[in-house]
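Visitor: Protein chains in written order, with our numbering: chain X, 1 to 158; chain G, 159 to 325.
Source of the hints: derived by calculation from the structure; they are not laboratory data.
Please note that the accuracy of each hint is not assured.
Derived coverage of chain G by chain X (criterion: at least 3 residues anywhere in the stretch with Cβ under 8 Å from a Cβ of chain X; other residues may be distant) [as the list claims (entries may be wrong)]: (1) 207 to 221; (2) 234 to 248.
Here are the simulated lysine-lysine pairs, DSBU-like style, with alpha carbons at most 30 Å apart [what the hints assert, rightly or not]: (3) X:106 to X:40; (4) X:86 to X:112; (5) G:266 to X:112; (6) X:106 to G:255.
Ideal placement from N, C-alpha and C gives every residue a C-beta, glycine not left out.
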Amino acid sequence: MRLFAFLPALVLSTAAFAQDNFSPAETEACLAGVDRKTDKRVCVGASARACAQDSEEATCMASEIAYWDTRLTVAFALVLDRAKGKDDDAVHMSMQPRDQAGALLKAQDSWKQYRADTCAFEQTLWVTGQPDAPEVQSCHLYLTAEQVFYLEAVALIE
Amino acid sequence: MWKFLTASVFAAVGATASAQEVTFSMDATLNCLSTLSENQSPRSCISHSANACMEDTPGGWSTVGMGACLNKEYEYWDARLNTAYIHVRDMRRKTDKELADIGSSAPKQADALLAMQRAWIAYRDASCAYERSHWGGGTGGGPATLSCLVYLTAEQALYLEADSIVE
């Protein structure tokens, strides 16, 4: 039931990219087709590459990063909601108190700092040293997508 | 500095778990990594050795056995991460010095590397504490924490070993 919460957010995020040539279709089609043995990372960036055929590469990458950021927000909200539910259940059923929501918030904050510092490190490795250097954008894209894969997997299990 | 960073709270977990004798070898994970196909994630190889250890050790699938086997693979990846980190740090310091010698004011790569690794440690600890929270106070929490540590540590070691980071 709660999985339906994904849908409006994805529709919204698709609409938000209407102003440029970006569509998440290639990435989503690729993900729909991967088998269990295949690394989902092979699909990350597929939409940005398609978009870059007739638009500026950095703009396309920024659009796909925004797409994954939206998807991350949705997955995180879903997992947080369940954690809060379980914390509340423990209170109502007089079980041992728990704070899974707190642990999740802390994990997500620390992940954001890890992403920022990892991509800042990579930024120092490239000649231009600019935050929109292709390698730096790629760092944000892949780390964000991987966190989405993680939280979406948690959401399915929980 | 790095030694202080890795002397983490998890040392206590490891010390308890490794008290049990287990049959452990890194062969399964390393063989898997050396025969990866192009579209296969290195992640799919992580903890193969710990799983083989659980199979090969009498009582290996008990909570204590799982913890001891996972701890063995964690120790391997933690040592490999240390080695990788020191190698990258030395390379980055060399580049920083070369850039400074020609009067560059570029941000220091070695400083950014240290900031990244500190952030990674905080991320690892908070993520694995969250993984543990799925188990409440249950005994599965120990192996769940160790499994999380194995995966995250292995991935960070492989990341720091990548050509684009070292060269």
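Visitor: Compare the structure with each hint and give your call.
Guide: Against the structure, the hints:
1. 207 to 221: violated (count 0)
2. 234 to 248: Our answer is that it is violated, as 0 residues pass the Cβ test (under 8 Å) against chain X, missing three.
3. X:106 to X:40: 26 Å, holds
4. X:86 to X:112: With a Cα-Cα distance of about 24 Å, the restraint between residue 86 (chain X) and residue 112 (chain X) holds, given a limit of 30 Å.
5. G:266 to X:112: 22 Å, holds
6. X:106 to G:255: 37 Å, violated
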